[in-house]
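Enquirer: Single-letter residue listing:
Number of protein chains: 2
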Amino acid sequence: MAQRYALMIAPADAADTRDDYSGTFTPIDVTAPALSVGELSTQRGDGVFESIGVVDGHPNEVEAHVQRLAHSARLCDLPAPNLEQWRQAVTAAAAHAPLGEGVVKLILSRGVEHGPAPTAWATASSAPDYTAVRRDGVRVVTLDRGYDLGAGERAPWLLLGAKTLSYAVNMAALREARRRGADDAVFVTRDGYVLEAPTASLIIRCGDEFLTTAPSAGILHGTTQLAVFEHLESQGLATRYAKLSATDLATADAAWLVSSIRQAVAITAVDGAPLASDPALTAELNAFLLSPR
Amino acid sequence: MAQRYALMIAPADAADTRDDYSGTFTPIDVTAPALSVGELSTQRGDGVFESIGVVDGHPNEVEAHVQRLAHSARLCDLPAPNLEQWRQAVTAAAAHAPLGEGVVKLILSRGVEHGPAPTAWATASSAPDYTAVRRDGVRVVTLDRGYDLGAGERAPWLLLGAKTLSYAVNMAALREARRRGADDAVFVTRDGYVLEAPTASLIIRCGDEFLTTAPSAGILHGTTQLAVFEHLESQGLATRYAKLSATDLATADAAWLVSSIRQAVAITAVDGAPLASDPALTAELNAFLLSPR
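Quick mapping for you: the protein sequence lines, in order, are chains Y and U. Each residue of the first sequence is one higher than the one before, counting from 167 in the working numbering. Each residue of the second sequence is one higher than the one before, counting from 167 in the working numbering.
Looking at chain Y on its own, in the form it has when it is part of the complex (with noise of 0.2 Å):
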């Protein structure tokens, strides 16, 4: 995920209302020094950030993710994103992605410490080649997420519903996964309810239904799992927002993590105990989420 293209934006005001914010971009050399030091993004995690799925330079569920961006920036107290001038960025960049699959990443940061205004920046990256993981799968270990189920809705200081940049967590946990030779983690509430995956969403198939976590301030509103369900539903199916224990996964006739990258990938065990899976929906989900939206 090399990143081959980067511009920095100076955040317009949120009532800004003119057309064309190209005169807000600068791009620069990725590879080159951006940031200074005072940075409360890299001295504190201190900001926001969205990852969105390129396909051939088209970037999917746009509006979703700037949607969350804002979202976002509204419980970090971050001064309110022009979602305009983001939606321009995320252009911007995606017209260097590279042919095939791509990323583009936005990122709003508190700024520099005791500076003026937030600092902001848009990347375009090739993306992982996910192929392989898309057809064979995932094994995921559940791991304790150290919350209750209400803890979000209780506490909104611990941003649970925010996607921030303090990752050091999920990223941890995915090292954890790997040295109980699995392949990702399903975070799990002490009260022994499945919440996410430390970069994705959980959906799993328990008979006729689809059924993923309520995003009731516990968790990120999943934008892949929100295309995944609109999808599903156009097609008659049922879907569901529910509290899911560590059982309904266990016990579930399929279950995947999907993300805005790396798609719909099958869940094939948990915790060491295979389970079931459907590969002919996996690929039907992944050919529709890889299609331009």
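These are calculated hints, taken from the structure and not from any lab test. Quick caveat, the model's predicted, so the values are computed rather than measured. Even glycine gets a Cβ: it sits at the ideal position worked out from N, Cα and C. Mixed in with the good hints, there may be bad ones.
Stated by the list, open to error - Pair ranges (Cβ atoms, derived):
hint: 1; chain 1: U; residue 1: 346; chain 2: Y; residue 2: 358; range: 29 to 35 Å
hint: 2; chain 1: Y; residue 1: 357; chain 2: U; residue 2: 283; range: 38 to 44 Å
hint: 3; chain 1: U; residue 1: 295; chain 2: Y; residue 2: 282; range: 19 to 25 Å
Starting from the structure of chain Y, add chain U where the hints point.
Expert: Just chain U, lined up with the frame of chain Y:
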């Protein structure tokens, strides 16, 4: 706390035993770009740090800070820092701190995504003027940390004992405290125990005894708390690590938040209820903490 000096550090292997690491330090312009947008510190808060108090050019508690940097790095699966290199970096940066009170900050980041090595740097800044708050104290609110007291030991991937760059929650808690009309926060576990403040340790006095929360993986082990305990013990006073309930704090005979830069500040109110304080002891603690150690 405007930064006035910074140096990049080319991390040496922990097994390296040279005498002089000055050749691995590169002074940089603190206001100029120094970090690429691919930095994992900035993308994911993926790294560890320390803030060291400097008084008239003398950095305090250096050994405790570099040892904790190494401890945090170990919890985050980062390459072991070369302690002698970091000690020399502290000395080099502290030489550029202002007269009076300053700060040397150490940062060890996982580096550029897919890059070959961690990124590391140190900065020197002047400290804010904390004279008034050391005299007048702080009003705190207790804020739910979401976890129970055992979470850190049970789930080391939550990194509760590491001083990581993922500080968004700590910053959000401080904003929440100010929204509630207070100056600072004390985190409380789901099961009712007090932990620490977002950027400080908690010490309370109950009768003749000074108590702090046991750092059993659930909180950082405060370098300033350690120094204060040693100081109190040297005067024949009793200190103890304990499980402290929110009621223990609310009914304490006195309480302080202690940290490396602000030093010791009395807690004068908890959730709006006044708390007794001991101005003479607070002043004496600060005189000790601000002396060269």
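Enquirer: All hints, please: hold or fail.
Expert: Here's how the hints hold up against the structure:
1. For the pair residue 346 (chain U) and residue 358 (chain Y), the beta carbons lie near 32 Å from each other, so the given range of 29 to 35 Å is met.
2. In this structure the supplied range 38 to 44 Å holds for residue 357 (chain Y) paired with residue 283 (chain U), their Cβ-Cβ distance being about 41 Å.
3. Range check, residue 295 (chain U) to residue 282 (chain Y): about 22 Å between beta-carbon atoms, so the 19 to 25 Å window is met.
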